[in-house]
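There are 2 protein chains.
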Amino acid sequence: MRHTIAVWVQNEFGVLTRVANLFSGRGFNIESLCVAPTEDPEISRITMVTRGDDAVIDQIIKQLRRLLPVHRVEDMTGFAHVERELVLVKVRADDETRTEVTRLVEIFRCKIIDASHDTFVIEVTGDAGKIEAFLNLLKPMGIKEIARSGAVAMVRTAADPDL
Amino acid sequence: MRHTIAVWVQNEFGVLTRVANLFSGRGFNIESLCVAPTEDPEISRITMVTRGDDAVIDQIIKQLRRLLPVHRVEDMTGFAHVERELVLVKVRADDETRTEVTRLVEIFRCKIIDASHDTFVIEVTGDAGKIEAFLNLLKPMGIKEIARSGAVAMVRTAADPDL
Chain A
239 MRHTIAVWVQ NEFGVLTRVA NLFSGRGFNI ESLCVAPTED PEISRITMVT RGDDAVIDQI
299 IKQLRRLLPV HRVEDMTGFA HVERELVLVK VRADDETRTE VTRLVEIFRC KIIDASHDTF
359 VIEVTGDAGK IEAFLNLLKP MGIKEIARSG AVAMVRTAAD PDL
Chain B
239 MRHTIAVWVQ NEFGVLTRVA NLFSGRGFNI ESLCVAPTED PEISRITMVT RGDDAVIDQI
299 IKQLRRLLPV HRVEDMTGFA HVERELVLVK VRADDETRTE VTRLVEIFRC KIIDASHDTF
359 VIEVTGDAGK IEAFLNLLKP MGIKEIARSG AVAMVRTAAD PDL
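Taken in order, these protein sequences are the chains called A and B. The opening residue of the first sequence carries number 239 in this note's numbering; numbering runs sequentially from there. The opening residue of the second sequence carries number 239 in this note's numbering; numbering runs sequentially from there.
These are calculated hints, taken from the structure and not from any lab test. Among these hints, one or two may not hold up.
Copies of one chain are not kept apart here, so a pair can be met inside one copy or by any two copies together.
[Claimed, not checked] Using 16 Å as the maximum straight-line C-alpha spacing, the simulated EDC-like pairs for lysine to aspartate or glutamate come out as follows: (1) Lys382 - Asp278; (2) Lys377 - Asp278; (3) Lys377 - Glu277; (4) Lys300 - Asp352; (5) Lys300 - Glu344; (6) Lys377 - Glu338; (7) Lys368 - Glu344; (8) Lys382 - Glu277; (9) Lys349 - Glu321; (10) Lys368 - Asp278.
This structure is a prediction, so every number in the text was calculated from the model and none was measured.
Given the sequences, and given the hints that come with them, work out the whole structure.
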């Protein structure tokens, strides 16, 4: 099953390695991971998406909670949550493709944030379904480069287990 | 100096640990890091932001290039590039703050993606300056939770060293 997990850790970089090791040590592949500061400068928040056996992931989460610089772990999988990803795509935009690319950008409410004589860089934000649909439609135009943030997620207030 | 570095690696999770170790082993703190798949399912792209002595970072980048599952390393610091971050913010939105929060969301062209009777979850995308300005204005309203992707970046086509 696909799990989206948030981990609040002390802002020391060795911590990311220790958290990552818990997963890779058991052969788990992480689909995406992002780590960035929170409102408390001493604490960083890791959001990661992984797939695997629920029981094993539960075990890893228990171990995570025992890692000293880990402040909190939240497996959002069982709770209603919002999930978004940011993607930058460099796509061919010459005389042949420019009109169609611009049309797709409008339909998906994306932004063109850079342009050269034959490329656009497009910024798109959305859930996994929207991102996948957009990239699939863009692919025939000629994608030159993609940079994805990976999923960022938050439990909906009404479903928050801590409230 | 602040460096934004993109690293293309084989999609095996142990690789992230090895890349991270190169930095933490030298006491470098990573401000943000994100890793997600690229258009080639076998290759993941890591984008990271770090600060430190330019000469030492150059050394680390040389070592990165020698790491076997690393396909390519790009230090964007010297090149014109676009940089964006995605942030989800849960903020207090009760009778006292709702109007002001909604006004800020309009000014900064953000999106409210979840609402309860006394909170909003806001999605905001932008460069570091916009994100910081928005969070600073939102802070007095009562921020309950923040989830940031960290910077995602791409070299502008006209400045691309590979073209």
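Open item on the list: To test your reading of the hints: which numbers does this structure violate?
Closed with: The structure conflicts with hints 4, 5 and 10, although it agrees with all the remaining ones.
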